[in-house]
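Participant: Below are the chains, spelled out letter by letter.
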Amino acid sequence: MTAQNFTQNSSSALAPGFDTPVVDSQSCFRAIMNAMARPGQTQRFTRAPLDVPAPLTPLAAAIALTLFDYDTPIWLDPDLMESSDALGYLRFHTGAPVTSDAAKATFALLTSPRHLPDLSTFAQGSAEYPDTSTTLILAGQNFSAGPSVSLTGPGIRSAQGFRTDPVSGGFWQQMQFNNTSFPCGVDVVFASDDEIAALPRSTKITIAES
Amino acid sequence: MTSSVRTVEAAPDQSTESQYNFAYLDEQTKRMIRRAILKGIAIPGYQVPFASREMPMPYGWGTGGVQVTAAILGQEDTLKVIDQGSDDTTNAVSIRSFFEKTAGVKTTTATADASIIQTRHRIPEASLREDQIIVFQVPIPEPLRFLEPRETETRTMHALKEYGLMHVKLYEDIARNGRIATTYAYPVEVNDRYVMDPSPTPKFDNPKIDEMAALQLYGAGREKRIYAIPPFTKVKSLDFDDHPFEVQKFERPCGLCGAANVYLDEVILDDKGGRMFVCSDTDYCEERREAGHLGDMAADPAAVSLTTSTAGQDAS
Ligand SMILES: [Zn+2]
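Heads up: the sequence lines are chains X and S, in that order.
Just so we're aligned, residue 1 is where the first sequence starts under the numbering used here, counting upward by one.
Just so we're aligned, residue 1 is where the second sequence starts under the numbering used here, counting upward by one.
The shape of chain S in the complex, shown without the other chains (with noise of 0.2 Å):
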């Protein structure tokens, strides 16, 4: 897999936040977008229109998400921002900082202490509860677009579930690779009815959302498409009887804090091509490294290093 960086923007304008309404939306807006969050309950998987609004920050930044947390959060919410597992990217500290400065709940990156948890590419290792909300930001909320670009065509093909080019697509995977090669927004069938894309989550995330305890909301602003899964709703991805779907497995665990079985991000130490895998998950790596876990590259210079700043490339 290819390494992507993360892209740094100019910081959304909020410098004349006071003006506005609590957590930034109008009320009219607002009540617009809880319609068709309470729709999108209702449907599980099925992608509500809805009127998006210009944000004071480019689309690329999560302003679907954003729109889904304003709609929903109250005085007494804690809200946890997270960008590829991280609280420190710019992305998740801009929108942390819009809503501590827009509604001025509290905010917190600790995933136990959230009630509400804003997300970009990962989902919590930490297993989610009944009274926790995840919203995710989704970029292209139509897992068939890439397949067919005309939305009156995808939209029939929701209608009448018929999803056969999606599994066709899946297997010129196979035949060309010898396996699904798709790694991330690994497409999903939720309640044995819609097709959904996960937001770009990788695919080692896909388990957590089938019978996840927590509401999952997904907004798309440019999109203009809100969608949820409720709590402990089945949610299966897509495969084949002798092509089983399969989570990406990682050779090693964290080298900061030990933990297998979560997703880890290749992170370069030195230009003699030194590297190590750390947990994409900030959070969860660091309550691991207090409650006395530690990785074999823990005592590492280099990677003490990467503990007090934020690691920025993705790996597998």
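So here's chain X without its partners, still in its complex pose (with noise of 0.2 Å):
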């Protein structure tokens, strides 16, 4: 039984997931791996859009539906907390646990970005294994808006530029704290409504003189 088979109004809960799961959520992950791979270069996700109920952004649910599943506790933003129909959709195309706990979750998603909260307050994954932290995704972005910032590391063949908006008033500094962690430190997923960016905490950052 599908999502499909229950309603009929797709901004609800049971909105459906992807058309052919298969296809698209092997699309989504290979934008995600080329983002995080390539850190700042963004990413097309072509298939089509998945209609999904607000504050959940289209590609933001399709990077879940391609990640989270049972094995991912996840920590959603207040805003998202306070949607029935997004933690229903959520929990129905992905079952992933809710958790309360930024520090237990394996992703964290985030509709209003700019409240984002202090990023050490995720799991920065240990000495021995630094793969237990958080990756963050930030919904809503958009990369020709906020303030410039200059990448170089792993993935990078000289330096890359990068921009994004919103995100929180002191994400940057923290960012630059977090490659300071390396190899403990979360990663972060940026979408757009259709390209998705990212930075893993490989990547040293340079906030340009404003």
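If you're looking for bench data, these hints aren't it; they were derived computationally from the structure.
For clarity, every value in this text was computed on a predicted model and none was experimentally measured.
Here a beta-carbon is modelled for each residue, glycine too, at the ideal position from N, C-alpha and C.
Among the clues, some could well be false.
Subject to a maximum C-alpha distance of 27 Å in a straight line, what follows is the list of computed DSSO-like cross-link-like pairs (lysine-lysine) [claimed, not checked]:
#	chain 1	residue 1	chain 2	residue 2
1	X	K204	S	K161
2	S	K224	S	K234
3	X	K204	S	K169
Okay, the calculated bits of chain S under chain X, using three or more residues with CB under 8 Å as the criterion [said to hold, decoys possible]:
#	region
4	42–52
5	152–162
6	259–273
Facing chain X, from chain S, some residues (calculated, C-beta under 7 Å) [stated by the list, open to error]:
#	residue
7	K39
8	P56
9	P58
10	N191
11	L215
12	P230
13	F232
14	T233
15	F245
Hints given; two lone chains; assemble the complex.
Facilitator: Here it is in structure tokens:
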């Protein structure tokens, strides 16, 4: 039985997931993987956008359906937690358990990234298992707004320019500190309407003088 | 060096692939592997544990690489599979046909035409591009394992960046042999942090993985580890100031295509001691011959027969 059997109202918790889950999730994953392997370079997601309940966005939901499942505790920002439709949609399509403890989350999904908590509140991984850290997904990003930063490190040939908005006030300073914790630290995935970018913990960030 | 003979084992069971998902793995398994790949990319050279699945082939066939390829592969991809540089060994042919049957993807032997290259023991001679991905089959991912058998200990060494044992081992090589004798699976340091096993490729290939344009993914099935090197990442072969890292040098160019500065296999031509050295990368050699490059043995009748069947021995 699929979500479509329950309802035609596509903006509800039972709105459908991917049309062709195997193809769509593979395509979405390759965009995420390429983004993570090339920090600051945007990757287009070309499959049909999902019709999802607010405040979820189609691309953030696609990333969620691609990566989340029963094995991945997720932390959701307050705006998402207030939407029973969005919560129901994620629960129905991913089965991922929701945690209120950011330090226990495999993924954190934020639709109001301006109110992003300090990055240090999320799981950082341990020296022995740095992979046991949180990956943050920031929805509703605009890659032609916000202050410009310059990126260097693995995945970048010389230097890569990057900008995105909205993020929290102290975000870029926190990301710089995050890099100094390497190999521990969080990784961040940014989703606009149709493009994905990422900043792994390995990326060194220089904030342009303003 | 002793030559090793490629083992021919029973072909993987592919009789029931039609009941399986695209690229064989179920979606839950793919998600789990995909998450491990993302962590591997974010922490270059760190071995991410993953719940390796049983594949319809024995472990020695590269089940780690196969699982990584299955998790990233899409309908648009073109796959190349090589084993010791050759597209035609039983192992390469089996893996290629496995993905043709379970995923219906295009396959190729031409390095330039492939979007994903799965490999055992070699890296193609042609430079890989940014839009390509190379997947390595890894038997033993832990470079410190033969120095320290306990996983808890090696994990602590990586955590503390305590790699003294590895340097001691290499230094003992020098004391005993006058040089570092390790010629394959030669340890590297990735992004100034993790010491990593580049899989049993000859050290000849180590310079290729430094600042490589393509994304490198490594899968170890039996040992349940995935690791990665993003494009344009610094990869340094371990060495000493007074004994700098050096790759193998071959005295002669390829007997078939005349290529110099490539990795060569020794091939026995007859039982009278006749032998020649030819490119280990069969696609590279073929393309050069097609472009008109000929080696000094190209006209030899025994050598000509090699260009139609694949050589089966390692050398050097
Ligand atoms: Zn040749």
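Participant: If a hint holds in the structure, say so; if it does not, say that too.
Facilitator: A quick look at each hint next to the structure:
no.	hint	verdict
1	K204(X) to K161(S)	20 Å, holds
2	K224(S) to K234(S)	25 Å, holds
3	K204(X) to K169(S)	33 Å, violated
4	42–52	holds (count 6)
5	152–162	holds (count 5)
6	259–273	violated (count 0)
7	K39	4 Å, holds
8	P56	19 Å, violated
9	P58	27 Å, violated
10	N191	5 Å, holds
11	L215	5 Å, holds
12	P230	4 Å, holds
13	F232	5 Å, holds
14	T233	4 Å, holds
15	F245	21 Å, violated
The structure fails to meet hints 3, 6, 8, 9, 15 from the earlier list, while all remaining hints are met.
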